[in-house]
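Turn these sequences into a full structure, and let the hints steer you where they fit.
Going by full-length UniProt numbering, the sequence shown opens with residue 1, and the numbers climb by one from there.
Incorrect hints may have been included.
Here are the simulated lysine-lysine pairs, PhoX-like style, with alpha carbons at most 25 angstroms apart [to be verified]:
#1 Lys293 with Lys264
#2 Lys293 with Lys397
#3 Lys887 with Lys735
#4 Lys887 with Lys481
#5 Lys535 with Lys419
#6 Lys887 with Lys745
#7 Lys316 with Lys355
#8 Lys640 with Lys776
#9 Lys436 with Lys397
#10 Lys919 with Lys861
#11 Lys535 with Lys512
#12 Lys566 with Lys436
#13 Lys353 with Lys314
#14 Lys661 with Lys603
#15 Lys748 with Lys879
#16 Lys735 with Lys691
#17 Lys397 with Lys540
#18 Lys684 with Lys598
I should point out that these hints are in silico values taken from the structure, not numbers from a laboratory. These numbers come from a predicted model, not from an experiment.
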Amino acid sequence: MRKNEMKLTLNEDSISSKESEEQELSQENGESEESNKTDKERYDKVSILCPFVTEEMFASLLSLSKIHPFDNPHIIDHMINEPESWVNFYEKCGGGNVDLPGPYISMDVEVEQLKRDEEIRIQQQEKEEEVKEIKEEQDLDSIFNADDDSGDDKIFAEEDDSDDQEEELNMSAADDKRIKRKDTKDFKPDSLLQGLDDYTEFKYGSIRFQKEQVVKKQQVFKYLLRLCVVRCLRPDKVVPEIMRFCGNVLDPRFNSPPEHNLLKFYYETECTKPILFILSSNVNTLNELQIIKAKLNINVRIRYLPLGNTIDDKVKDLILDGTKNGDWILLENLHLVTDWLLLLEKLIQQLDKDKVHQNFRLWMSSIPVNYFPVSFLQNCQKITLQPAKGIKQNAIKLLNSVPDNVLEVCKKNQDSYKKLLFSLCVFHATAIERKKFGPIGWNRPYEFADTDFFISLSQLQTCISSYDEIPFGLAQYLIGKLNYGGRITFDQDEDAFMALLGSFIGPHVIEKDFKKISNNTYYPIPDQYSLTHYKSYLRKYPDVDRPDIFGLDENATIIKSQTEAKTLLEKVYELEFASKNLIKDNKEEENDDIIVSKYTAIKDKMHKIITELPELLDEEQCRKKFPISYQECLNTLLLKEAQRYNLLLQVIYVSLKNTLKALEGIAHINDILDSIYSDITYGKVPSSWLKYCYPTFDSLSTFLSNLQDRISFYKGWIDWGHPQNFWLPGLFDQKSFITTLLQQKARKDNIYFSTLALEFTPLELNANIPDPPKPKINNEKEKEIAKPMRQMDEEDSASDLSSSSILSKNQSSKLSKIEEERDDSDEDGEGNDKQKELYIHGLYIECAQWDYDDECIIEAKSRILNYIMPAFSIKVITKDEYAKKYKNDKYFETPLFKISLREAINLDGECFVMYVPLKISEGTDPSFWLKRSTALFCQMNM
Numbered sequence: 001m002r003k004n005e006m007k008l009t010l011n012e013d014s015i016s017s018k019e020s021e022e023q024e025l026s027q028e029n030g031e032s033e034e035s036n037k038t039d040k041e042r043y044d045k046v047s048i049l050c051p052f053v054t055e056e057m058f059a060s061l062l063s064l065s066k067i068h069p070f071d072n073p074h075i076i077d078h079m080i081n082e083p084e085s086w087v088n089f090y091e092k093c094g095g096g097n098v099d100l101p102g103p104y105i106s107m108d109v110e111v112e113q114l115k116r117d118e119e120i121r122i123q124q125q126e127k128e129e130e131v132k133e134i135k136e137e138q139d140l141d142s143i144f145n146a147d148d149d150s151g152d153d154k155i156f157a158e159e160d161d162s163d164d165q166e167e168e169l170n171m172s173a174a175d176d177k178r179i180k181r182k183d184t185k186d187f188k189p190d191s192l193l194q195g196l197d198d199y200t201e202f203k204y205g206s207i208r209f210q211k212e213q214v215v216k217k218q219q220v221f222k223y224l225l226r227l228c229v230v231r232c233l234r235p236d237k238v239v240p241e242i243m244r245f246c247g248n249v250l251d252p253r254f255n256s257p258p259e260h261n262l263l264k265f266y267y268e269t270e271c272t273k274p275i276l277f278i279l280s281s282n283v284n285t286l287n288e289l290q291i292i293k294a295k296l297n298i299n300v301r302i303r304y305l306p307l308g309n310t311i312d313d314k315v316k317d318l319i320l321d322g323t324k325n326g327d328w329i330l331l332e333n334l335h336l337v338t339d340w341l342l343l344l345e346k347l348i349q350q351l352d353k354d355k356v357h358q359n360f361r362l363w364m365s366s367i368p369v370n371y372f373p374v375s376f377l378q379n380c381q382k383i384t385l386q387p388a389k390g391i392k393q394n395a396i397k398l399l400n401s402v403p404d405n406v407l408e409v410c411k412k413n414q415d416s417y418k419k420l421l422f423s424l425c426v427f428h429a430t431a432i433e434r435k436k437f438g439p440i441g442w443n444r445p446y447e448f449a450d451t452d453f454f455i456s457l458s459q460l461q462t463c464i465s466s467y468d469e470i471p472f473g474l475a476q477y478l479i480g481k482l483n484y485g486g487r488i489t490f491d492q493d494e495d496a497f498m499a500l501l502g503s504f505i506g507p508h509v510i511e512k513d514f515k516k517i518s519n520n521t522y523y524p525i526p527d528q529y530s531l532t533h534y535k536s537y538l539r540k541y542p543d544v545d546r547p548d549i550f551g552l553d554e555n556a557t558i559i560k561s562q563t564e565a566k567t568l569l570e571k572v573y574e575l576e577f578a579s580k581n582l583i584k585d586n587k588e589e590e591n592d593d594i595i596v597s598k599y600t601a602i603k604d605k606m607h608k609i610i611t612e613l614p615e616l617l618d619e620e621q622c623r624k625k626f627p628i629s630y631q632e633c634l635n636t637l638l639l640k641e642a643q644r645y646n647l648l649l650q651v652i653y654v655s656l657k658n659t660l661k662a663l664e665g666i667a668h669i670n671d672i673l674d675s676i677y678s679d680i681t682y683g684k685v686p687s688s689w690l691k692y693c694y695p696t697f698d699s700l701s702t703f704l705s706n707l708q709d710r711i712s713f714y715k716g717w718i719d720w721g722h723p724q725n726f727w728l729p730g731l732f733d734q735k736s737f738i739t740t741l742l743q744q745k746a747r748k749d750n751i752y753f754s755t756l757a758l759e760f761t762p763l764e765l766n767a768n769i770p771d772p773p774k775p776k777i778n779n780e781k782e783k784e785i786a787k788p789m790r791q792m793d794e795e796d797s798a799s800d801l802s803s804s805s806i807l808s809k810n811q812s813s814k815l816s817k818i819e820e821e822r823d824d825s826d827e828d829g830e831g832n833d834k835q836k837e838l839y840i841h842g843l844y845i846e847c848a849q850w851d852y853d854d855e856c857i858i859e860a861k862s863r864i865l866n867y868i869m870p871a872f873s874i875k876v877i878t879k880d881e882y883a884k885k886y887k888n889d890k891y892f893e894t895p896l897f898k899i900s901l902r903e904a905i906n907l908d909g910e911c912f913v914m915y916v917p918l919k920i921s922e923g924t925d926p927s928f929w930l931k932r933s934t935a936l937f938c939q940m941n942m
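This is how it looks when you write it as structure tokens:
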């Protein structure tokens, strides 16, 4: 009976606890829904009053509003109440002279409270120091008195006088303290003793000194608040704001790199200690050594040896021979022979300083790597050479490297040659600096070297000397295609490079009216032809390069600044997490409330992701409704897309389940699970997912929402048949879709695939086109087709994330129930034969915008970085028809990429999809848009 009663009570307690948990969950859900409503209302108001606030900015401001002092008043409410002040701050915050709106900067009440707290703390500190000094003196007296222990009478006498001695000690200590303070105040020392006086005040707890520290903390707090708001509203101004923060809080010297002086560094070297150059881009170690040799004016021989995969006794003999003759030995590419470095270290340690020639130096160079032996690095003198920054510094550097008689080499057309030499020098600096704009500059960061300039200069001299009229076409081909073009790997970059070269090397450069490069008043051409005048003209160029000399617009500078800020903040996040190492190092601190709450929040976030994952796409239904056919290539494409998305969903589910097990101590924590935890902690898409995922730059929440939309598009495709309007960014592989359309047309008409092309026709703003498909939601049988991912058996959750292990799972066991046959009109997978026209939508354009009135691309507005393009109707035509219509100066073949990075972020395929011909505005030509780097994208880096 008692056992039954205990079971009943336990069951009742468990039922009541479950009910209470359900009530708490319902209350939390209700509160979250209310907060979401209020946040949505706030965003609607803010977006109207402050149009510059985007959804991403609003989310950042919401996170910031949880931190004091932005919670009182609420920063978003303050923006709603005083929008004009925030608009003014948004427009002028880059200048550095505008304070934050609202009461966030003037925290006078808190400053006074901080001062009062500091004064109380200082008074307590003074009392503790006085007591400590008195105790120390008493201890010393007791030690000395212990030696004079002569008898009981003396002991009793000392006990009787102990109270009087304590009072005298207290009085003397206080008098000494007052005398010290009086001396330090009355005495006026020099600069050195002034520092000692400051230290004395700090030691004895000067209230004035502590107040100054409080004020300084408040100034740091002020700059930090401003930095946080700039991070949310103006990502392009984050790097200048951080530099301003470091200059105000630390010292302005930290904002500028130290100037390297190789000659001064040489005097600090030793003949028995090797020197390691840590190389950066556009740095030639051999040239630097030759410059040092010329400045020292010593007779030494530089012996140069690039290292490779095999090392023989030749290197050892070269070093030993150099120690006898006093040569400079230069070993390059040291990062390729790290296994041999320990032998090199032993060889250097065996050198006798008395027997080695004093002029001998062992120079080495390597790119930055993380696998060098530590002991070898400790025994080297290390130096890094930063490349010149900006067009001005790069061009002056080149002119310093050319011989003094370079202007007298060509006897023919000397004036034209001198102009072209200066223009080629500026072009080389422009080609190098263009890469700082990221993918807008070049799709890949090419490392153009000074040797490219010198070879191009010699070929330009040959072209001018060998012909009566300068063959600019030949010169452009030699310079652009052969010399610099040998480093370029993308066709789009090669076209842009040739267009940019035409602005610097062409017939217009030698005309008398040609005074400015790229029609820019900031970059004049010198009117006097000498190296001295060239350098003086270059020094007049702006320190911060204007984007138009690169052929770009102001938005390119904003995109560059945003990319730099994002990269910097990502590195800060990585350093922060690496220092904490939450999973491994803090596991012992589970009793701490902060750690427990953090773990709980991450677990809840993972559980929420699992429960909200979309259902798997029904591959069996896809095979049945859309059988693989020679004529219907879209059926094969749909099945492959469904398999790719199902693999991605399974990877997400398995990885989250295993991470939860690791957090609970059930499974072992490996590097993959650790990285998943860190990425989810900071709201990033885990890197292990990206291996099986379409290219994306979104945050974790945006990625999951976008994944829901993609799965919904494919479910609608499966439910209703092949759509007429395709959401092109929703496809896993857009290039396969384009190939499928061409292949289907070729098979249908029995013509060659290579003779076909796609025609894109932009539609009007409110064109009447079919909507993309949506899944059916009222069919009850569909709810039984696919089980939720969260109901997968625990045994099926494999610990590895390999595609073979996931694809080997029999998906038919999870999707056993298949929908009954529908009507012919619903299930006909070949119904798209009747559709005469197909449409695509969802593309973006960068570095331009679409004009709906004139139906052409025009210059983009300032601070609007990308635009949504209209929908396109697509049609398969022959290449002859395509060339006749679009191969002219009225159209620009705009490259279409999957992502705004313009380069594949995984090894599965290319980022480039195809060229889309777009009509251009009057007064421009295709080369103008080539230099602008105008392109279409399926997904932007938001």
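Do the hints match the structure? See the list:
1. Lys293 with Lys264: Holds, at about 13 angstroms.
2. Lys293 with Lys397: 18 angstroms, holds
3. Lys887 with Lys735: 22 angstroms, holds
4. Lys887 with Lys481: At roughly 22 angstroms apart (the allowed maximum being 25 angstroms), Lys481 and Lys887 satisfy the hint.
5. Lys535 with Lys419: 14 angstroms, holds
6. Lys887 with Lys745: With a Cα-Cα distance of about 23 angstroms, the restraint between Lys887 and Lys745 holds, given a limit of 25 angstroms.
7. Lys316 with Lys355: 17 angstroms, holds
8. Lys640 with Lys776: 22 angstroms, holds
9. Lys436 with Lys397: 18 angstroms, holds
10. Lys919 with Lys861: It holds: about 18 angstroms lies between the C-alpha atoms, which stays within 25 angstroms.
11. Lys535 with Lys512: 21 angstroms, holds
12. Lys566 with Lys436: The given pair, whose Cα atoms are some 14 angstroms apart, holds under the 25 angstroms limit.
13. Lys353 with Lys314: 22 angstroms, holds
14. Lys661 with Lys603: Roughly 10 angstroms between the alpha carbons, so the hint for Lys661 and Lys603 holds.
15. Lys748 with Lys879: 17 angstroms, holds
16. Lys735 with Lys691: 18 angstroms, holds
17. Lys397 with Lys540: Roughly 15 angstroms separates the two Cα atoms, so the pair holds.
18. Lys684 with Lys598: 17 angstroms, holds
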